[in-house]
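> The chain contents come next:
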Amino acid sequence: MRSALSTLEVATPRDLAHALRLLHDSLATERLVPLAGGTDLLVYLNAGQQVGRRFLNLWGLRELRGIREARGGVTLGALTTFTMIREHPLVRRCLPALAAAAAVIGAWQVQNRATIAGNIANGSPAGDSLPVLLAHEAVVHARSMRGGRDIPFGTLYRGYRDLVLEPDELITAVTVPFPPARAFPFFRKVGTRRAQSISKVVLCGLVRVARGGEVDLARVALGSVAPVTLRARRAERALLGARPSATATAAARAALMEDIAPIDDIRSDAAYRRAVAGNVLEQFLRAADARFTMG
Amino acid sequence: MTARVASARRPRTIRRPASVGVSVPKIEGRDKVTGRALYVDDLAVPGVLHGRTVRSIVPRGRIRRIVLDPGFDWSGVVVADHRDIPGKNACAHIEEDQPLLAADEIRHADEPIVLVAHQDPERAEAAVRAVHVEVEPLEPVLTIEDALAKKALLYGDDNVFKEIRIARGELAAGFAAADVVVEGTYRCGHQEQLYIENNGMIAERTADGGLLVRGSLQCPYYVHHALMVAFGLPADKVRVVQTVTGGGFGGKEDYPSMIGGHAALLAWKSGRPVKIVYDRLEDIAATTKRHPALMRVRAGVKRDGTLTAWDMDIVMDGGAYVTLSPVVLSRGALHAGGPYRCPNVAIHARVVATNTPPNGAFRGFGAPQTQFAAECHMDRIAGALGMDPLALRRRNAYRIGDVTPTGHVLRESVGAHEALERTAKRADFAAKRRRFARANAAAAEAERAGRRAGAGVSGLAPGARARGASSGGAGRGSSGGRRLRRGIGLALGWHGAGFTGSGEVRLASTAALDLTADGRPRVLSANTEIGQGALTVFAQMVAERLGVPPAFVEINASDTGQVPNSGPTVASRTTMVVGGLLEQCASGMRERLELFAERPLADAADFRRVARRFLRERGPLRIERRYQKPPEISWDDAAYRGDAYGVYSYAAIAVEVEVDLDTGEVTVLGATTAQEIGRAIHPVLCAGQIEGGTLQGLGYALLEEVRWKDGRIWNHQLTNYIIPTSMDAPPIHVEIVEIPYSHGPFGAKGVGELPMDVPAPAVVAAIAHATGVRVDEIPVTPERLLAALARGGAR
Ligand SMILES: Cc1cc2nc3c(=O)[nH]c(=O)nc-3n(C[C@H](O)[C@H](O)[C@H](O)COP(=O)(O)OP(=O)(O)OC[C@H]3O[C@@H](n4cnc5c(N)ncnc54)[C@H](O)[C@@H]3O)c2cc1C
Chain A
23 MRSALSTLEV ATPRDLAHAL RLLHDSLATE RLVPLAGGTD LLVYLNAGQQ
73 VGRRFLNLWG LRELRGIREA RGGVTLGALT TFTMIREHPL VRRCLPALAA
123 AAAVIGAWQV QNRATIAGNI ANGSPAGDSL PVLLAHEAVV HARSMRGGRD
173 IPFGTLYRGY RDLVLEPDEL ITAVTVPFPP ARAFPFFRKV GTRRAQSISK
223 VVLCGLVRVA RGGEVDLARV ALGSVAPVTL RARRAERALL GARPSATATA
273 AARAALMEDI APIDDIRSDA AYRRAVAGNV LEQFLRAADA RFTMG
Chain B
2 MTARVASARR PRTIRRPASV GVSVPKIEGR DKVTGRALYV DDLAVPGVLH
52 GRTVRSIVPR GRIRRIVLDP GFDWSGVVVA DHRDIPGKNA CAHIEEDQPL
102 LAADEIRHAD EPIVLVAHQD PERAEAAVRA VHVEVEPLEP VLTIEDALAK
152 KALLYGDDNV FKEIRIARGE LAAGFAAADV VVEGTYRCGH QEQLYIENNG
202 MIAERTADGG LLVRGSLQCP YYVHHALMVA FGLPADKVRV VQTVTGGGFG
252 GKEDYPSMIG GHAALLAWKS GRPVKIVYDR LEDIAATTKR HPALMRVRAG
302 VKRDGTLTAW DMDIVMDGGA YVTLSPVVLS RGALHAGGPY RCPNVAIHAR
352 VVATNTPPNG AFRGFGAPQT QFAAECHMDR IAGALGMDPL ALRRRNAYRI
402 GDVTPTGHVL RESVGAHEAL ERTAKRADFA AKRRRFARAN AAAAEAERAG
452 RRAGAGVSGL APGARARGAS SGGAGRGSSG GRRLRRGIGL ALGWHGAGFT
502 GSGEVRLAST AALDLTADGR PRVLSANTEI GQGALTVFAQ MVAERLGVPP
552 AFVEINASDT GQVPNSGPTV ASRTTMVVGG LLEQCASGMR ERLELFAERP
602 LADAADFRRV ARRFLRERGP LRIERRYQKP PEISWDDAAY RGDAYGVYSY
652 AAIAVEVEVD LDTGEVTVLG ATTAQEIGRA IHPVLCAGQI EGGTLQGLGY
702 ALLEEVRWKD GRIWNHQLTN YIIPTSMDAP PIHVEIVEIP YSHGPFGAKG
752 VGELPMDVPA PAVVAAIAHA TGVRVDEIPV TPERLLAALA RGGAR
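As given, the protein sequences belong to chains A and B, one line each in that order.
For reference, each letter of the first sequence is one residue, going 23 to 317 in the working numbering.
For reference, each letter of the second sequence is one residue, going 2 to 796 in the working numbering.
Don't take each hint at face value.
[Claimed, not checked] Reference listing, derived: stretches of chain A covered by chain B, where coverage requires no fewer than 3 residues with Cβ under 8 Å from a Cβ of chain B:
| hint | segment |
| --- | --- |
| 1 | 211 to 220 |
| 2 | 271 to 285 |
| 3 | 290 to 301 |
| 4 | 304 to 315 |
[To be verified] Only some residues are given here: those of chain B computed to face chain A with a beta carbon under 10 Å:
| hint | residue |
| --- | --- |
| 5 | Val-46 |
| 6 | Arg-281 |
| 7 | Arg-435 |
| 8 | Asp-663 |
| 9 | Leu-703 |
| 10 | Ile-724 |
| 11 | Thr-726 |
| 12 | Leu-787 |
Calculated directly from the structure, the hints in this document are not laboratory data.
We put the CB at the ideal spot given by N, CA and C, even for glycine.
Could you build the full structure based on these sequences and the hints that come with them?
Written out as structure tokens, the structure reads:
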């Protein structure tokens with residue numbers, strides 16, 4: 023442990039209201055850093071990175087934990103772990119992409135601690151649940167002593183690890199709508215190995231071919247290919263209205279190359295990420311409809 | 002764990018032995034499982050200071066000035082630099098060129114410069130950041146190519162630490178006799194040992210003016226020697242004791258001399274006990290790795306597959322100091338032809354200096370690199386001839402009476418063919434090769450036609466399941482639109498047991514057996530338990546000779562104050578060489594006690610009765626044996642000719658893979674391996690070595706890559722230095738083959754390193770079979786494979 027543990031403080035609130043007060047009050051001196059499962063924060067502390075000295079331990083706040091069915095979707099409490107998500111029958115049935123993402127985060131031990139809000143607030147572009155939340159047009163619920171507000175997931179990140187959250191706000195929950203009727207859901211993580219792996223490319227997609235034979239819904243979200251998790255708007259536009267064909271696939275792939283801005287880093291390189299993002303997009307489309315490979 | 006043991010040539014009279022050949026419980030297993038075993042960081046030492054190391058952040062430079070931040074509270078902090086070293090500023094290995102602490106010149110990133118210690122580890126950590134080293138950076142040499150090009154001169158007049166030439170026959174004649182000449186260039190990267198327990202040592206000054214150093218290590222007498230040099234102390238003033246050690250794989254062969262020297266220096270200066278335990282980041286960044294290698298092979302072969310010429314050039318990257326590189330190079334060169342008969346051979350091997358942390362010992366010690374090249378080349382030859390890779394190996398693999406490139410006549414215990422045939426049969430190699438090829442062709446055809454099984458209807462049916470596969474996939478159909486290909490590849494390897502050449506003669510190892518006060522036999526050796534089961538195997542062999550159960554045998558701690566120098570725990574030598582000495586000690590002890598009792602010993606109770614009477618009437622009993630070279634073995638170091646090793650073990654492996662053409666990810670579906678090791682003293686431990694070595698070899702082949710940034714190791718965390726997890730481990734089918742060796746105890750040869758030699762080339766062969774693309778550089782990362790697939794070959 024390269025951080026000086028003896029200098030750290032942890033405040034443990036009784037309930038959410040207490041937590042919000044402590045957080046608010048801390049702004050006058052040194053801000054309390056929210057601590058959920060700690061699976062990101064403790065890694066930083068071990069490496070001696072500066073993540074703060076005072077922590078607000080959310081782990082005991084029951085009101086922030088659990089999965090509820092909401093109208094047309096589910097609401098996940100901030101502290102909902104990926105184990106709970108992975109095992110939840112409704113999530114498995116109606117949000118298979120989310121269940122799939124939860125099942126490949128770290129490994130079981132990490133999934134027992136890692137929370138959905140922690141994944142969101144950590145804001146890594148490699149966060150595996152984020153493309154799922156983005157493609158499903160999830161809504162993040164934030165709260166402070168001043169009140170609550172809903173933040174569309176697509177507007178949550180200003181830039182690399184930069185959230186629009188105010189310093190006195192906590193994420194309390196996130197609502198994930200079910201995919202529109204008859205949309206084909208897809209999730210694929212391309213990581214460094216089969217478990218305990220950080221994504222090199224991660225993609226979540228929803229696509230639907232209308233009865234008339236043209237694509238009337240296309241959502242493609244990717245992680246690890248830009249400073250933030252992003253919607254591939256150009257690729258989506260290339261698909262919308264097109265009839266499934268190899269030509270449409272090629273057009274979507276070409277457009278995707280304009281959407282993404284991958285870099286060389288410790289885990290992979292830009293050329294690989296480009297090629298794989300394109301290949302996985304194609305995999306998504308041909309898994310959805312074989313006609314995407316024809317003609 | 003199941004191990005199939007097959008005796009190729011069982012002796013006619015089968016006497017079921019009491020302990021040898023039986024998988025008895027591991028001696029220290031219970032303590033480790035229950036947490037009673039204390040590793041170095043678990044040891045509480047009253048008054049201990051915690052040591053930390055200030056390191057270079059540049060790969061090459063000159064130290065201008067060292068400033069202790071005047072704003073920092075230095076009270077209670079002990080600071081030591083090279084001027085505090087009482088003896089020679091050297092971490093003595095083969096040579097004494099590596100300083101314990103850099104004095105003026107920095108030759109690699111993360112080179113130690115200053116040491117600090119404080120009783121509060123957090124203060125020690127803070128003190129590291131308060132030491133400012135001003136360095137004038139110099140242009141570094143970071144690659145083999147730059148070293149050969151003499152981009153800067155780091156060593157001698159050519160940057161070559163050591164050069165070896167092995168020659169047999171007439172190369173030109175061999176190529177003239179060839180129908181086909183095949184060339185290839187191969188490259189292997191660094192590999193980190195990644196033992197579970199990081200390096201750590203505790204040092205203290207003793208009342209008699211000496212040093213006591215305890216810690217996680219493989220070779221107590223190496224540390225002992227290094228401390229004598231650095232502190233100018235006589236042998237009897239230095240005592241080194243191994244603590245319970247959580248793995249080594251060679252990574253604790255030479256580095257403990259460094260960290261032990263550092264802890265000792267801080268203890269010397271402060272008069273207090275000092276503990277230094279690295280965290281993972283420091284351990285990966287600063288300690289030794291497997292040598293990278295660049296290898297070129299040119300081989301001549303007849304149309305029927307018979308090898309006629311083998312011309313090979315090997316260059317390894319030694320890093321900044323000599324350390325163990327000359328012997329790593331030697332083992333690499335001696336195994337470079339693979340286990341194949343060839344009348345005309347030239348092997349030219351060099352190890353060069355670079356400004357990277359010194360590379361050191363790692364399971365296989367140079368042989369996995371050169372055999373990677375040799376085996377990949379055999380596959381390339383098979384391809385060039387249109388010959389089955391199994392048939393090519395059958396034609397050339399060693400048999401009794403064959404002669405190695407150094408002129409060693411293989412007289413006995415040559416299991417190459419047995420290993421090969423059993424592997425091919427158990428893996429169903431020939432049938433799978435055909436089946437995969439057909440299935441791959443059909444898959445390619447289906448993809449071209451746009452008929453992907455399971456696709457065709459869009460929309461999510463209620464109840465669609467999230468896939469459990471680790472890479473995750475939610476989508477329709479079992480393959481989710483994936484484009485997958487399967488392949489199977491084969492490799493054959495050999496590994497010499499014991500020190501190379503005249504090494505064992507020079508070591509002149511001594512082991513002993515004595516009697517404890519309560520009349521039990523006690524093993525006295527400097528060899529170390531590092532997870533491999535050495536102590537259990539020692540106890541079994543001694544027990545076998547004494548006619549007592551293994552649990553009756555005591556094992557003395559590996560403590561230079563108490564045990565003779567039986568040599569290092571390296572080179573697959575512990576069971577064969579040291580076990581052999583202990584077997585002789587046990588026979589000697591039995592003879593003495595039976596002479597004394599004037600009758601044969603019956604069992605453990607009887608042994609104890611007789612032993613106690615002996616102790617009472619005759620005093621202590623200690624039997625010692627020193628290594629004796631088998632008379633028929635000879636080695637000429639100057640000419641590099643003769644019997645490079647007493648004997649070799651042999652391994653074959655078949656690996657099945659599945660390649661994802663969209664991502665370049667390779668999944669190992671299974672590995673089947675037969676390994677001929679003379680005699681399995683403990684079949685389960687042997688199978689454990691083989692399974693572990695196979696997985697380590699698969700990691701070497703596919704995942705493990707040290708990445709560099711500005712001359713420093715960039716990925717020094719477990720999250721980015723990627724080793725296989727249990728999810729990445731395929732089923733591994735192990736078959737042990739036994740062809741006893743007459744000079745090994747109970748016929749045993751070495752098994753520790755052998756399994757590391759074969760997986761990587763088999764993986765490359767399997768990928769080539771699956772995709773038509775041959776990648777000549779490991780690890781075959783998805784990045785490398787996808788680029789190769791794009792260049793051509795994807796079917
Ligand atoms: C071994 C290992 C493997 C991993 N593998 C993966 C992986 O495969 N994929 C992946 O995406 N991630 C992975 N991670 C990262 C990590 O597990 C996830 O990002 C996890 O979701 C973080 O959740 P947590 O509750 O542990 O967050 P914490 O570490 O407690 O917090 C993370 C950040 O979120 C903030 N935060 C937490 N809760 C709130 C809240 N309610 N409101 C506001 N801010 C909040 C914290 O202040 C902190 O900045 C891995 C981590 C480890 C240690």
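> Mind checking, does the segment 211 to 220 of chain A have 3 or more residues with a CB under 8 Å from chain B?
holds (count 10)
> Holds or violated: the hint that B:Thr-726 contacts chain A, with Cβ atoms closer than 10 Å.
Holds. Min distance 5 Å.
> B:Ile-724 was flagged as interface toward chain A. Is the shortest Cβ-Cβ separation under 10 Å?
Since the shortest Cβ distance to chain A is 8 Å, the answer is holds.
> According to a criterion of three or more residues whose C-beta lies within less than 8 Å of a C-beta of chain B, is the segment 304 to 315 of chain A covered?
holds (count 11)
> Given a cut of 10 Å on the nearest C-beta pair, is the interface hint for B:Arg-281 held or broken against chain A?
Since the shortest Cβ distance to chain A is 9 Å, the answer is holds.
> When the nearest CB of chain A is found for B:Val-46, is that gap smaller than 10 Å?
20 Å, violated
> Take the segment 271 to 285 of chain A, compare each residue's beta carbon with every beta carbon of chain B, and decide whether three or more fall closer than 8 Å.
violated (count 0)
> Next item in the hint list is B:Arg-435. Is there a CB on chain A closer than 10 Å to its CB?
28 Å, violated
> Interface hint check: B:Leu-703, Cβ to nearest Cβ on chain A, cutoff 10 Å. Holds or violated?
At 9 Å from the nearest chain A Cβ, B:Leu-703 passes the 10 Å test, so the hint holds.
> Can you verify the interface hint for B:Asp-663: is its Cβ closer than 10 Å to any Cβ in chain A?
4 Å, holds
> Taking the closest Cβ pair, is B:Leu-787 under 10 Å from chain A?
6 Å, holds
> Verify this for me: three or more residues of the segment 290 to 301 of chain A with a beta carbon less than 8 Å from a beta carbon of chain B.
holds (count 7)
Violation of the numbered hints given earlier is confined to hints 2, 5, 7; the remaining hints are satisfied by the structure.
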